[in-house]
Amino acid sequence: MSVTERRASAVSAALAQDRLGVPSVVFFVISAAAPLTVIGGSVTAAYAATGVTGVPLAFILLGAILGLFAVGYVTMARYVVNAGAFYAYTAKGLGRPAGVATAWVALLAYNALQVGLYGMIGAAAQPLIADWFGSSPPWWVIGLVAWALTGVLGLMRVDVNGKVLSVLLLTEIAVVVVFDIADLINPAASGYSLDVFDPSNLFVPGIGAVVAICIASFAGFESSVVFSEETKDPRRTVPIATYVALAVISGLYAVSSWAMTVPIGSDKIVETSREQSSALLFNLAGQHLGATIATIGSLLFVTSLFAALIAFHNTISRYVFALGRERVLPETFGRTSPRTGAPVNGSVAQSVIGLVTIVIYAVFGLDPVVQLFFTVGSFGGLGLLMMLAATSISVLVFFAKNPSEENAWRTRIAPGISSVLLIVVIVLVMANFDTVLGVAPDSPLRWIMPAVYFVAVGFGVMWGLVLRANRPKVYANIGRGAQAAVGGTE
Amino acid sequence: MHDNATGRMRLHARLTGLGLAAAILGELMLAERITVELTVGQIRLVVLDATPPGDALTRTALDHIVAEPSHRFGTWLQFLARTALADVAARMTADGLLRPPGRRPSRRQVPVDVNIAAWPGGRVNLAIQRRKPLSVQDGVLLGLLVATGGNQLVLWEQNSRYLSDSITALPPPLQELIAQTEAAVGDSVISRR
Chain A
34 MSVTERRASA
44 VSAALAQDRL
54 GVPSVVFFVI
64 SAAAPLTVIG
74 GSVTAAYAAT
84 GVTGVPLAFI
94 LLGAILGLFA
104 VGYVTMARYV
114 VNAGAFYAYT
124 AKGLGRPAGV
134 ATAWVALLAY
144 NALQVGLYGM
154 IGAAAQPLIA
164 DWFGSSPPWW
174 VIGLVAWALT
184 GVLGLMRVDV
194 NGKVLSVLLL
204 TEIAVVVVFD
214 IADLINPAAS
224 GYSLDVFDPS
234 NLFVPGIGAV
244 VAICIASFAG
254 FESSVVFSEE
264 TKDPRRTVPI
274 ATYVALAVIS
284 GLYAVSSWAM
294 TVPIGSDKIV
304 ETSREQSSAL
314 LFNLAGQHLG
324 ATIATIGSLL
334 FVTSLFAALI
344 AFHNTISRYV
354 FALGRERVLP
364 ETFGRTSPRT
374 GAPVNGSVAQ
384 SVIGLVTIVI
394 YAVFGLDPVV
404 QLFFTVGSFG
414 GLGLLMMLAA
424 TSISVLVFFA
434 KNPSEENAWR
444 TRIAPGISSV
454 LLIVVIVLVM
464 ANFDTVLGVA
474 PDSPLRWIMP
484 AVYFVAVGFG
494 VMWGLVLRAN
504 RPKVYANIGR
514 GAQAAVGGTE
Chain B
7 MHDNATGRMR
17 LHARLTGLGL
27 AAAILGELML
37 AERITVELTV
47 GQIRLVVLDA
57 TPPGDALTRT
67 ALDHIVAEPS
77 HRFGTWLQFL
87 ARTALADVAA
97 RMTADGLLRP
107 PGRRPSRRQV
117 PVDVNIAAWP
127 GGRVNLAIQR
137 RKPLSVQDGV
147 LLGLLVATGG
157 NQLVLWEQNS
167 RYLSDSITAL
177 PPPLQELIAQ
187 TEAAVGDSVI
197 SRR
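Keeping their order, the protein sequence lines are chains A and B. The opening residue of the first sequence carries number 34 in our numbering; numbering runs sequentially from there. The opening residue of the second sequence carries number 7 in our numbering; numbering runs sequentially from there.
Honestly, I wouldn't trust all of these hints.
Listed next, the in silico DMTMM-like pairs over lysine to aspartate or glutamate satisfying Cα-Cα at most 20 Å (straight line) [as the list claims (entries may be wrong)]:
1. B/Lys-138 with B/Asp-171
2. A/Lys-506 with B/Asp-171
3. A/Lys-196 with A/Glu-263
4. B/Lys-138 with B/Glu-163
5. A/Lys-301 with A/Asp-228
6. A/Lys-506 with B/Glu-182
Treat the hints as calculated values from the structure; they're not laboratory data.
With the hints as constraints, model all of the structure from the sequences given.
Spelled out as structure tokens, the structure:
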């Protein structure tokens, strides 16, 4: 369609009025990544749990790998209905049974990322509540309150309102930048050091655990392509927005995780993170900027965690909904609430998983930050890596099977390099899974946990084959999401 | 689909809009002005007869389709859904079915005669109860209720066998209309719009 033709179209013009430009999509993607959650929570957890100081370098390297991955991803997105979901890509590239397997992995991984946040929000709110009221309930009480609010908002289909989200996000970023500057002008006695960017401080035993928690920090960037149909110029807006968002996120994470080491000294960051945990960022701010600013920061940390909880909850309930619409999951999951248009049963299912997790952790007295946020979050990170690798390979296969006008860089070179790198990263994570779990290197758990994903893949492939044999109509629509209602036209 | 005493919406505005947009296209299909065709790998609307229909609402919609035949079916639903609720309310007000909006800021409207408003729903419900086949028009109504989830609000009995049989009894273009509506509703849930 030529430009003049498009301009003349009353229909396109009317629909274009509420279309999105690059800034809106970038904004959306960054907010899905929840920067303050990562810098306040994941970064200190990474230093503390892994004892590796190369965290800032890990963010830069992962940002670069994801950038390469995104080249093929956004290119293939134009050929995929239901483009926001990785399993739609693997269904197209590697076959529908692989699609179902990816969907199962996605449900596991996203749920792990979501429930991990309940531990962190509990731990993060405790000092604030203790400050105001003299004492604080245990973390799991706060976790349950956050859980209840998330569940109710999910059922009411309250996506945190765009404007509220923008204000929160901008304040979050402002806080991070101000904290960074304060850290940078107050160096430790040992002076400035760029040690944390030295590869020899990252490529050590434990690197895999750093990578797992860091990749989890990028979760959500894949949602940029959801807006393909809603952007002014899908061929340009979505790719540019994705690259910009990745650059901003990884830059912000790398600089902030470095800035945090400056007033402490890179030799002491691990020890200090272990002592202060998620309070570290705000304690530093308290020293340099005063208690009020530090409290505002801690408060925003909690709201950021809450926004992330809702975002992941909604992602999961939509995933379940899409699978219900395809009839890959029981039809009831594809139902919406008439009054709110929310994917009700998907939302309830996610809430049940959250509740069970909080209760188990409370009953067994497990640590909310290390054992829930870090361990379960990193477990989710591994799942995310597996989906990224499978999607990247799907891009290669898809364009090999369906020649197109796209150039080789987009269809072969970038996806090829990113596939290899992602597989290397997965091997690293698996090799260090004892550190991720905080167990002895010979503990069977280190193999059992990653094996869960392989079991999910096995069952997914099997279910795909069962559908092929028994319900060919359902099988034909795997990966099409809501468009499954309309018989395939491709 | 509104509460007949307060005029409060019972079905989410976005879903109502899509359902009414589909109903407008359904009227044009039943009047044999348009149909559905698979062209260049896309499901599109095709004009069979450009004779203007009697009322302004479907006439405007038909004019748009005549002017721009190259859009996908889904695009038409999105386009019409933007204004369908207001347009249909205006037509019903003009036909004396709804009371004109009062001065209340909500501009909620209530039916003039509750019995007339309740009749189509009642007719479908009775047919379901008696397991009688539906007329084509009522079949479309039922299909659109199911596609938007409105069936959970107005049907006395959720007999999924009867519901799917009624939809498959419709002529193929109308079945496509219902499937497209279901897909558009699903997309609006997934894409958070």
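Status of the hints after comparison with the structure:
Among the hinted pairs, B/Lys-138 with B/Asp-171 is consistent with the structure: their alpha-carbon atoms are about 11 Å apart, no more than 20 Å. Restraint check for A/Lys-506 and B/Asp-171: the C-alpha separation of about 17 Å stays at or below 20 Å, so the hint holds. Only pairs whose Cα atoms come within 20 Å are accepted, and A/Lys-196 paired with A/Glu-263 is accepted, the gap being roughly 18 Å. Between the alpha carbons of B/Lys-138 and B/Glu-163 the distance comes to roughly 14 Å, so the proposed pair stays at or under 20 Å and holds.
Between A/Lys-301 and A/Asp-228, the direct Cα distance comes to roughly 12 Å. Compliance with the 20 Å bound is thereby established for this hinted pair. For the hint linking A/Lys-506 to B/Glu-182, the alpha-carbon distance of about 16 Å falls within 20 Å, and the restraint holds.
This entry satisfies every hint, going by the numbered hints stated previously.
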